[in-house]
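This is what each chain is made of:
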Amino acid sequence: MNCFNLSSKTPNGDLHTAWTRHKNALQNLSKEEANKYKVIIVGTGLAGASAAATLAEKGFNVDAFSYHESPRRAHSIAAQGGINAAKNYKHDGDSTMRLFYDTIKGGDFRSREENVYRLAETSANIIDQCVAQGVPFAREYGGLLDNRSFGGVQVSRTFYARGQTGQQLLLGAYSALSRQLKTEKVRFFPRHDMLDIVLVDGKAKGVVTRNLLNGEIKAHHADAVVLATGGYGNVYYLSTNAMASNVTANWRAHKKGALFANPSFTQIHPTCIPVKNSFQSKLTLMSESLRNDGRVWVPKQKNDTRKPNEIPEQERDYYLERIYPAFGNLVPRDVASRRAKEVCDSGHGVGPTGFAVYLDFKHVIENKGKDHVKEKYGNLFDMYQNIADENPYKTPMKIYPAVHYTMGGLWVDYNLMTTIPGLFSIGESNFSDHGANRLGASALMQGLADGYFIIPPTITDYLSKEDPENKKTTNREVFQSAVNKTEKEIDTIMNIKGDMVVDEIHRELGKVVWDKVGMSRSGPGLKEALDIIPTIKEKFWNNVFIPGSKNDYNQELEKALRLKDFIELAELMALDALDRNESCGAHFREEFQTKENEAKRNDIEFMYVAAWQYNTDGKPKLFKESLKYKNVKLKTRSYK
Amino acid sequence: MNINLKIWRQKDKKDKGSFKAYKLQNIDPNISFLEMLDILNNRLIKEKLEPVAFDHDCREGICGSCGFMINGQPHGPQKATTVCQLHMRSFNDEDKIVLEPFRANSFKIVKDLSVDRTAFDRIISSGGFVSVDTGKAEEANSTVVEKSNADEAFLSAACIGCGACVAACKNSSAMLFTAAKVSQFTLLPQGKPEQKERVQSMVATMDEEGFGACTNTGACSAECPKEISQENIARLNREFIKSQL
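Sequence lines, in order, name chains A and W. Residues 1 to 640 (my numbering) make up the first sequence, in order. Residues 641 to 885 (my numbering) make up the second sequence, in order.
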């Protein structure tokens with residue numbers, strides 16, 4: 001395997017002008033020249049759809065693939081709360097610098113300064129773009145855009161469309177993409193899974209896909225490939241991700257040489273509807289924006305079985321307000337989640353399982369009225385009532401943390417290119433901007449920043465140095481052998497003919513990863529996980545049963561192909577978590593905590609990005625990209 | 641609770657298809673409808689039989705992937721709810737529950753309860769957008785939008801494209817779907833410049849795709865999980881007539 005010099009290619013010098021200087025130095029292509037090139041984009045959520053639309057506008061030909069029947073169904077659609085932008089419309093002291101600082105600090109000083117600053121800088125353009133597309137953001141009575149605040153910050157910079165911001169932004173990107181479908185600059189391949197990357201002379205030049213409707217395995221060629229395939233939270237089986245969200249495209253790229261960065265940095269969202277029973281198929285998130293007005297509490301008395309309304313004020317522990325007087329209920333996600341776990345583990349949890357805390361709107365309803373709450377959170381309250389069968393206007397919501405987002409992902413440089421030349425990764429699928437913890441309302445921001453504004457100039461520069469593939473075909477040995485390999489793998493899985501259902505094995509995997517590589521981790525626990533995961537892998541390869549045919553709409557086969565990769569990823573997550581002998585952000589190692597049970601970072605030894613290289617011998621090799629902070633002062637995060 | 645299912649099984653679009661009966665026992669009323677189908681599928685796979693194919697993804701009622709007929713109603717008996725947000729507590733012990741795919745000429749059956757709704761994408765790509773290239777937008781707050789218009793545009797834009805409106809309509813009309821998008825842009829200043837071409841082109845595509853004419857019965861709105869109002873259709877008709885003048 002190659003030895004990499006992990007160069008982040010970040011510009012030197014003044015941070016404020018870095019992106020502009022970098023962009024100016026990139027090679028551009030005219031529309032006519034761009035027309036000679038084709039780009040494959042896998043995944044058409046916020047990042048993929050916005051990139052596809054923008055590249056097509058610049059003249060490139062785009063082939064876009066999605067496992068969905070329509071780009072509008074991508075899971076970006078489920079983001080509720082909002083999107084951050086440093087517009088300072090509220091004149092509350094916000095600025096690019098402040099958004100940059102909040103994001104770096106929220107990420108617990110494990111992300112690149114240059115990337116994060118660029119994200120903050122781009123944020124304002126995103127809002128302009130979306131408004132121009134007709135995204136119906138919430139507005140004030142004067143007709144101007146409204147904002148609200150979110151966890152981990154003290155300003156109001158979050159733009160929103162009720163509790164459906166992700167939906168409206170995705171539909172905006174989808175409409176921009178649809179406009180290009182009309183011009184035929186973009187071809188959309190619905191219901192296709194990407195199963196391999198094809199490299200020609202070490203560069204990404206194509207993909208192998210499976211048509212989910214008829215099982216056809218096919219190679220496609222292009223001049224560059226962009227993965228916009230989202231996160232891998234479903235490794236835990238239960239998560240707030242969509243049922244089919246998966247790591248397969250990223251994992252296959254990893255096995256072809258793309259380094260995987262910080263796989264153990266997974267975000268556990270504090271406000272989700274708690275697990276109820278063993279058939280549970282997924283978890284539902286209640287937007288973090290609820291913490292603006294809802295107050296989190298548990299009974300002071302252990303194992304208190306009284307109804308919430310029967311517990312008087314003085315017997316309630318508003319633990320976030322008590323521990324963190326400055327930020328109160330608006331502490332970052334990792335902190336809120338860990339504290340919820342702590343109060344429940346110590347016997348103060350509520351609900352039938354004892355693994356829940358209250359999120360109470362009594363005070364805001366008393367002060368501002370039910371209509372105010374309904375206007376702001378109406379659909380979230382309806383959703384809660386429907387799932388939990390309780391009326392949150394009358395009785396507090398019960399919430400518990402759940403897996404939600406993965407900060408880790410494919411390692412990319414400042415141009416969002418992976419360690420495979422010509423292979424780019426954008427949105428949640430890369431590792432780039434959120435360090436060890438992502439702040440609320442920043443995922444939508446990153447997806448659109450990457451897709452609309454960052455990848456178009458950087459991929460243009462890359463392509464300007466490549467000879468166009470357009471006269472070539474997939475009739476080359478390297479494409480054919482990739483197709484054959486994929487077909488063989490599918491045959492092998494179909495022929496196992498064991499007696500376990502894919503979901504059974506997935507549930508087992510999820511339990512191990514949640515228990516050992518979840519909200520808190522320990523050395524011995526991680527070692528145990530590394531012992532158990534190979535036995536699950538064995539179960540898969542000896543016992544899985546796939547009904548039906550491979551040449552058919554076979555949802556079990558789809559799931560099996562995804563689970564196979566999740567199992568391999570789970571091992572790398574445990575290894576990464578074990579290797580990082582510190583706590584930072586969402587990565588909480590029990591051995592490394594302060595007296596107040598906060599994460600204890602070790603900046604001397606661990607201020608780096610852990611980028612793992614796949615090895616066929618099963619021993620991944622670690623490469624370190626050290627992080628330097630020149631514009632912010634390193635400090636222990638404090639939200640007190 | 642115990643339930644008696646009758647489910648439409650069809651191997652692919654060429655297959656004739658038929659109903660099959662299944663009985664499920666000891667179902668927890670608190671599980672979701674799709675989790676009930678997961679349990680059935682788990683049993684079928686254990687018996688080495690093919691599970692029931694159905695589309696679903698977010699299971700949060702927002703992606704629009706799920707949707708089939710439950711006892712003749714798109715998304716089942718609960719108002720303003722997608723199948724994935726429906727719970728077994730909406731049914732009674734020993735209920736008969738009949739599941740069928742959305743039936744419409746323009747929605748070909750993929751398998752069992754799964755249908756092809758890509759016709760909707762073709763309607764959108766014929767005009768459901770504002771033509772603005774990335775990077776050419778002006779400062780966001782230089783466009784002021786009256787709050788009531790913004791709120792109304794949002795309600796139209798809340799459509800999830802699930803196809804329940806088409807399935808509910810005896811003419812399999814896609815008027816509500818198309819009208820919701822036309823309305824969103826009609827209500828916003830950003831949509832004004834392309835208003836005429838948009839409505840004409842989207843209506844033409846709707847017809848080409850084989851969707852029927854509006855019946856004015858309002859079944860679409862009544863069954864819409866996002867409660868998209870019939871007023872959108874009135875607005876589309878107004879815009880369509882205006883565009884002909």
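It is worth saying that the hints were derived from the structure and are not from the lab. Since the model is a prediction, treat every value here as computed from it, not as a measurement. There may be inaccurate statements among the hints.
In silico SDA-like pairs for lysine to any residue, Cα to Cα no more than 20 angstroms straight-line [said to hold, decoys possible]:
| id | chain 1 | residue 1 | chain 2 | residue 2 |
| --- | --- | --- | --- | --- |
| 1 | W | Lys688 | A | Pro547 |
| 2 | A | Lys374 | W | Lys656 |
| 3 | A | Lys374 | W | Asp791 |
| 4 | W | Lys656 | A | Gly548 |
Not close to chain W: a few residues of chain A, all C-beta gaps over 10 angstroms, as computed [as the list claims (entries may be wrong)]:
| id | residue |
| --- | --- |
| 5 | Glu556 |
| 6 | Asp579 |
| 7 | Lys628 |
Coverage of chain A stretches by chain W, computed from C-beta distances (three or more under 8 angstroms per stretch; other residues unrestricted) [unchecked claim]:
| id | segment |
| --- | --- |
| 8 | 318-330 |
| 9 | 396-406 |
Ideal Cβ placement from N, Cα and C applies to all residues, glycine included.
These are the hints, each one checked on the structure:
1. W:Lys688 / A:Pro547: holds, 6 angstroms
2. A:Lys374 / W:Lys656: violated, 48 angstroms
3. A:Lys374 / W:Asp791: holds, 14 angstroms
4. W:Lys656 / A:Gly548: With a Cα-Cα distance of about 18 angstroms, the restraint between W:Lys656 and A:Gly548 holds, given a limit of 20 angstroms.
5. Glu556: violated, 7 angstroms
6. Asp579: holds, 34 angstroms
7. Lys628: Holds, since 31 angstroms exceeds 10 angstroms.
8. 318-330: violated (count 0)
9. 396-406: violated (count 0)
Checked against the numbered hints given earlier, this structure breaks hints 2, 5, 8 and 9; the rest are met.
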